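Could you put together the complete structure from these sequences and hints?
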Amino acid sequence: AQSVTQPDIHITVSEGASLELRCNYSYGATPYLFWYVQSPGQGLQLLLKYFSGDTLVQGIKGFEAEFKRSQSSFNLRKPSVHWSDAAEYFCAVVGGGSYIPTFGRGTSLIVHP
Amino acid sequence: GAVVSQHPSWVICKSGTSVKIECRSLDFQATTMFWYRQFPKQSLMLMATSNEGSKATYEQGVEKDKFLINHASLTLSTLTVTSAHPEDSSFYICSAREVGGTGSSAVETQYFGPGTRLLVL
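From first to last, the protein sequence lines stand for chains A and B. Going left to right, the first sequence walks through residues 1106 to 1218 as the numbering used here numbers them. Going left to right, the second sequence walks through residues 582 to 702 as the numbering used here numbers them.
None of these hints come from the bench; they were simulated from the model. All values derive from a computational prediction rather than experimental measurement. Backbone N, C-alpha and C define an ideal beta-carbon position, used for all residues, glycine too. Treat the hints loosely; a few may be bogus.
Said to hold, decoys possible - No more than 27 Å apart at the CA atoms, straight line, and that leaves these computed lysine-lysine pairs for DSS-like:
1) B:Lys636 - B:Lys647
2) A:Lys1154 - A:Lys1173
3) A:Lys1154 - B:Lys622
4) A:Lys1154 - A:Lys1166
5) A:Lys1166 - B:Lys622
6) B:Lys645 - B:Lys622
Said to hold, decoys possible - To give a feel for the contact side, a few chain A residues facing chain B, derived at Cβ under 10 Å:
7) Tyr1141
8) Phe1168
9) Trp1188
As the list claims (entries may be wrong) - Computed footprint of chain B on chain A; a stretch qualifies when at least three of its residues, placed anywhere within it, have a C-beta under 8 Å from a C-beta of chain B:
10) 1147-1160
11) 1178-1187
So this is what it looks like as structure tokens:
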């Protein structure tokens, strides 16, 4: 069965600084990978996804993520964080013949002015 | 991207009453929808998989008689919390599965609704 680890519960960055949120997965083959963002009291919004091909994927709001098979990672990055990026970020994986995603526990992003 | 709506966005009800939450895929057809529950500061907990035209598949520990799911059409799934109690208070989120392409090129994505906050007094 697949699993997802988001090792950081909270990340604090200054506005304008770069950001990297970590995500590691456990799955035998190449999974489908997703990053979602959740603002307080809201549902989840898809930022980006990886299925195959180019390992660097671009998403909305200036986010990108890189799939690294050797490290079983799919870290989310943004070169310059805006205060509006403060939210909860979830990494998810789908694989093993199941279409039901497994979510990480989430990373809370705090942005200082 | 595809849009999923939920209604209502929040609801307050008395203990013992039933509450129905609707989940709609607005611009695509979804043979499969999912219902999640989320507690404060926690990740999503899958409650059940809703399949159009058939019975829902419930996760272990989720009472199917308490959380009734109906997926009557390709764009609508409903979750009814029957005889609600204060411990049922939570944030309920639905998602709809969109499949694009065919065969080996098929890719799928889940799109989430905005969530429904339920408070049972």
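Check of the region 1178-1187 of chain A against chain B for coverage (Cβ-Cβ below 8 Å, three residues minimum): That given contact is violated, which follows from only 0 residues of the region 1178-1187 of chain A lying within Cβ reach (below 8 Å) of chain B.
Hinted pair lysine 645 of chain B and lysine 622 of chain B, Cα distance within 27 Å: Judged against 27 Å, a Cα distance of about 25 Å means the pair holds.
27 Å Cα cutoff - pair lysine 1166 of chain A, lysine 622 of chain B: Judged against 27 Å, a Cα distance of about 23 Å means the pair holds.
27 Å Cα cutoff - pair lysine 1154 of chain A, lysine 622 of chain B: Within the cut-off at roughly 24 Å; holds.
Per-residue hint verdict: tryptophan 1188 of chain A, partner chain B, C-beta under 10 Å: violated, 21 Å
Cut-off 10 Å, beta-carbon criterion: hint that tyrosine 1141 of chain A touches chain B: holds, 7 Å
Satisfaction of the phenylalanine 1168 of chain A interface hint, Cβ to chain B closer than 10 Å: Violated: closest Cβ of chain B sits about 14 Å from phenylalanine 1168 of chain A, beyond 10 Å.
Given hint lysine 1173 of chain A paired with lysine 1154 of chain A - CA-CA distance at most 27 Å: holds, 14 Å
Given pair status - lysine 1166 of chain A, lysine 1154 of chain A, alpha carbons within 27 Å: holds, 14 Å
Restraint status (C-alpha distance of lysine 636 of chain B to lysine 647 of chain B at most 27 Å): With a Cα-Cα distance of about 14 Å, the restraint between lysine 636 of chain B and lysine 647 of chain B holds, given a limit of 27 Å.
Cβ contact check, 8 Å cutoff: the region 1147-1160 of chain A against chain B, three residues minimum: holds (count 7)
Checked against the numbered hints above, the structure breaks hints 8, 9, 11 and satisfies the rest.
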